[in-house]
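Visitor: Now for the letters of each chain:
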Amino acid sequence: MMVELQIILASFAGLIAGTITGLFPGIHINLVAVLLFTISGLLLQYFSPITLAAFIVAMSITHVFLDFIPSIFLGAPNEDTALSILPGHRLLLQGYGYAAVKLTTIGCFYGLILSILVSPLLVLVVPSIFPFIQRYMIFILLLSSLFLILKDDKKFAALIIFLMAGILGMATLNFRVINQPLLPLFSGLFGTSLLTVSFLENVGLPKQRIKEIKISHKSKLNALLTSLLSSLLVSFLPGVGSAQGAVIGSSFRKIKEETFLFLVGAINVIVMVWSFVALYAIEKPRSGSAVFVGKFLEYFSQNQLFLLFAVALFTGSLALILCLIFSRLFAKNIEKIKYKWLCFGIAIFIIIITTVISGPLSLLILATGTMIGILCNELGVKKMQMMGSLLVPVIFYYLL
Amino acid sequence: MRTLLLASFICSLIGLFFIIFLANHLEPNLISIKSIGENKLDSYVKIRGVITEIKETEGLSIFTIREDTASIKVVSYEKPLLMRNQKIEVIGKVVEYRGALEIEATTIKII
Chain A
1 MMVELQIILA SFAGLIAGTI TGLFPGIHIN LVAVLLFTIS GLLLQYFSPI TLAAFIVAMS
61 ITHVFLDFIP SIFLGAPNED TALSILPGHR LLLQGYGYAA VKLTTIGCFY GLILSILVSP
121 LLVLVVPSIF PFIQRYMIFI LLLSSLFLIL KDDKKFAALI IFLMAGILGM ATLNFRVINQ
181 PLLPLFSGLF GTSLLTVSFL ENVGLPKQRI KEIKISHKSK LNALLTSLLS SLLVSFLPGV
241 GSAQGAVIGS SFRKIKEETF LFLVGAINVI VMVWSFVALY AIEKPRSGSA VFVGKFLEYF
301 SQNQLFLLFA VALFTGSLAL ILCLIFSRLF AKNIEKIKYK WLCFGIAIFI IIITTVISGP
361 LSLLILATGT MIGILCNELG VKKMQMMGSL LVPVIFYYLL
Chain B
1 MRTLLLASFI CSLIGLFFII FLANHLEPNL ISIKSIGENK LDSYVKIRGV ITEIKETEGL
61 SIFTIREDTA SIKVVSYEKP LLMRNQKIEV IGKVVEYRGA LEIEATTIKI I
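Going line by line, the protein sequences match chains A and B.
For what it's worth, the numbering used here labels the leading residue of the first sequence as 1, then goes sequentially.
For what it's worth, the numbering used here labels the leading residue of the second sequence as 1, then goes sequentially.
FYI, nobody ran anything at the bench for these hints, they're computed from the structure.
Any given hint could turn out to be false.
[As the list claims (entries may be wrong)] In silico DSSO-like pairs for lysine-lysine, Cα to Cα no more than 27 Å straight-line:
{"#": "1", "chain 1": "A", "residue 1": "Lys256", "chain 2": "A", "residue 2": "Lys218"}
{"#": "2", "chain 1": "A", "residue 1": "Lys284", "chain 2": "B", "residue 2": "Lys87"}
{"#": "3", "chain 1": "A", "residue 1": "Lys284", "chain 2": "B", "residue 2": "Lys73"}
{"#": "4", "chain 1": "B", "residue 1": "Lys73", "chain 2": "B", "residue 2": "Lys40"}
{"#": "5", "chain 1": "A", "residue 1": "Lys254", "chain 2": "A", "residue 2": "Lys211"}
{"#": "6", "chain 1": "A", "residue 1": "Lys256", "chain 2": "A", "residue 2": "Lys211"}
{"#": "7", "chain 1": "A", "residue 1": "Lys295", "chain 2": "B", "residue 2": "Lys73"}
{"#": "8", "chain 1": "B", "residue 1": "Lys109", "chain 2": "A", "residue 2": "Lys284"}
{"#": "9", "chain 1": "B", "residue 1": "Lys109", "chain 2": "B", "residue 2": "Lys40"}
{"#": "10", "chain 1": "B", "residue 1": "Lys34", "chain 2": "B", "residue 2": "Lys87"}
{"#": "11", "chain 1": "B", "residue 1": "Lys40", "chain 2": "A", "residue 2": "Lys284"}
{"#": "12", "chain 1": "B", "residue 1": "Lys87", "chain 2": "A", "residue 2": "Lys295"}
{"#": "13", "chain 1": "A", "residue 1": "Lys256", "chain 2": "A", "residue 2": "Lys151"}
{"#": "14", "chain 1": "B", "residue 1": "Lys93", "chain 2": "A", "residue 2": "Lys295"}
{"#": "15", "chain 1": "A", "residue 1": "Lys332", "chain 2": "A", "residue 2": "Lys214"}
{"#": "16", "chain 1": "B", "residue 1": "Lys34", "chain 2": "B", "residue 2": "Lys93"}
{"#": "17", "chain 1": "B", "residue 1": "Lys40", "chain 2": "B", "residue 2": "Lys55"}
{"#": "18", "chain 1": "A", "residue 1": "Lys254", "chain 2": "A", "residue 2": "Lys332"}
{"#": "19", "chain 1": "A", "residue 1": "Lys295", "chain 2": "B", "residue 2": "Lys40"}
{"#": "20", "chain 1": "A", "residue 1": "Lys154", "chain 2": "A", "residue 2": "Lys284"}
{"#": "21", "chain 1": "A", "residue 1": "Lys284", "chain 2": "B", "residue 2": "Lys93"}
{"#": "22", "chain 1": "B", "residue 1": "Lys109", "chain 2": "B", "residue 2": "Lys55"}
A quick note: this is a predicted structure, and the numbers were derived from the prediction, not measured.
Make a model of the complete structure from these sequences and hints.
Guide: Written out as structure tokens, the structure is:
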């Protein structure tokens, strides 16, 4: 088969695979990468390496787009989408679930275009400023944590939650007997805690409106600039993920809740695209998907990078449409289920999937995370403080 | 809901206590070097073997350890004092470096 045709087919296959993994609650893209590891030997017998790389890029980009749907509609996030759950869920309870997803989707799409446009600059500039940023990273992290806590209305309670989540994060990452430790950690802090509160308070969902929330061009531009800066840190520094990036970015600039959804979408896509650019520029894979692409393309050429950009743009545009179709479907059908029992069902589902993937002991982390999440809710502290679970370990990583 | 606040606070403290306790006392299961594949990537393992080669560089030591016919490289940033032909037990994370799997050691014990 011609390589061109193979790549187009691979893009469509990636689109389908990414849609499934994205819509499935609680599945992180790195987990998909691990699963792919096991069958890569078999696949290489039939396809050329660049075709497989195209498949992975297509799947990863689609996954990032669709990943926000379970997070916003079902309250089942992973570490990348956890921050979207906060304003997302509030909008869902007001009947604007579709608008919330649309904001993240548009953020994703803008982020996709921007990340590709800026990457030549990235390749030229980053190697020279990289050591500089790395040296001051600890201050950036400490300052943004401090800002995060001080901006909260209840500063003392915010500090308590930040530290408790931080201790939980440290202990979880040192818990050497469980796999994929971030799955129970984030499902607990941001997912099951929210579901439990909704269940206990017996919240009902209003009829969902297929409307959009407009944000001004100025806030879009503001969010895009912030996302560029955050993604720069995330893409080139070890231990900093897109969630920390969003916290750092938003702590230095004033960002409204709706714009925040747009911002998180943009960051997630930029980080994904740049993980492939980083692989090309500094030969370091910065995401599970990039690890794979690196395995297939031992000599990663510039032309191959351009080809992967084209694949990303092509599937990204289709993912945008798919995302809107699926969130419409969710919005129209979610009110048919009693919300209280939907929450219950998803919580059970999260418990099962955590047990299967991370092992029974991880339920202890899930439960403790849930308790801290409920405590955060009862104290009336911003849920963002629970990002301490990732910030504290990274701060220690840079301190030692 | 004052009770929920109190209950969640106490439960989170108890949970944190247990997790910290278990994280310090539980060790990964002992497995054979031969069974380390890419499905173990990023997870912690415990292995045993005999040191066949030692390389010291700035800031880290690399040991090659062998069990039966399989061998793997172990990287340690703490540079423990070890010699060839010593039998050791290593707990560490499976990582990939330049296309090959190796263990990033967190603890090394002579046995």
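Visitor: B/Lys109 and B/Lys40: Cα distance at most 27 Å?
Guide: OK: B/Lys109 and B/Lys40 at ~22 Å, within 27 Å.
Visitor: Need the status of pair A/Lys284, B/Lys93: alpha-carbon distance at most 27 Å?
Guide: 19 Å, holds
Visitor: Check whether the Cα positions of B/Lys109 and B/Lys55 lie no farther apart than 27 Å.
Guide: Holds - the C-alpha atoms of B/Lys55 and B/Lys109 are around 18 Å apart, at most 27 Å.
Visitor: Does A/Lys295 lie within 27 Å of B/Lys93 when you go C-alpha to C-alpha?
Guide: 20 Å, holds
Visitor: Compare the distance between the alpha carbons of A/Lys154 and A/Lys284 with 27 Å, and conclude whether the hinted pair is satisfied.
Guide: 41 Å, violated
Visitor: Mind checking the alpha carbons of A/Lys254 and A/Lys332 for me, to see if they're no more than 27 Å apart?
Guide: Judged against 27 Å, a Cα distance of about 33 Å means the pair is violated.
Visitor: Is the straight-line distance between the alpha-carbon of A/Lys295 and that of B/Lys73 27 Å or less?
Guide: OK: A/Lys295 and B/Lys73 at ~20 Å, within 27 Å.
Visitor: CA of B/Lys34 to CA of B/Lys93, is that 27 Å or under?
Guide: 15 Å, holds
Visitor: Can the restraint linking A/Lys254 and A/Lys211 be considered satisfied, given a maximum Cα separation of 27 Å?
Guide: Satisfied, since the Cα-Cα distance of roughly 25 Å is no more than 27 Å.
Visitor: Against the 27 Å threshold, does the CA-CA distance of A/Lys332 and A/Lys214 hold or violate the hint?
Guide: 21 Å, holds
Visitor: Does B/Lys55 sit within 27 Å of B/Lys40, going by the straight-line distance between their CA atoms?
Guide: 25 Å, holds
Visitor: Is it true that the CA of A/Lys284 sits at most 27 Å from the CA of B/Lys87?
Guide: Outside the cut-off at roughly 34 Å; violated.
In summary, the numbered hints that this structure violates are 2, 8, 12, 18, 20.
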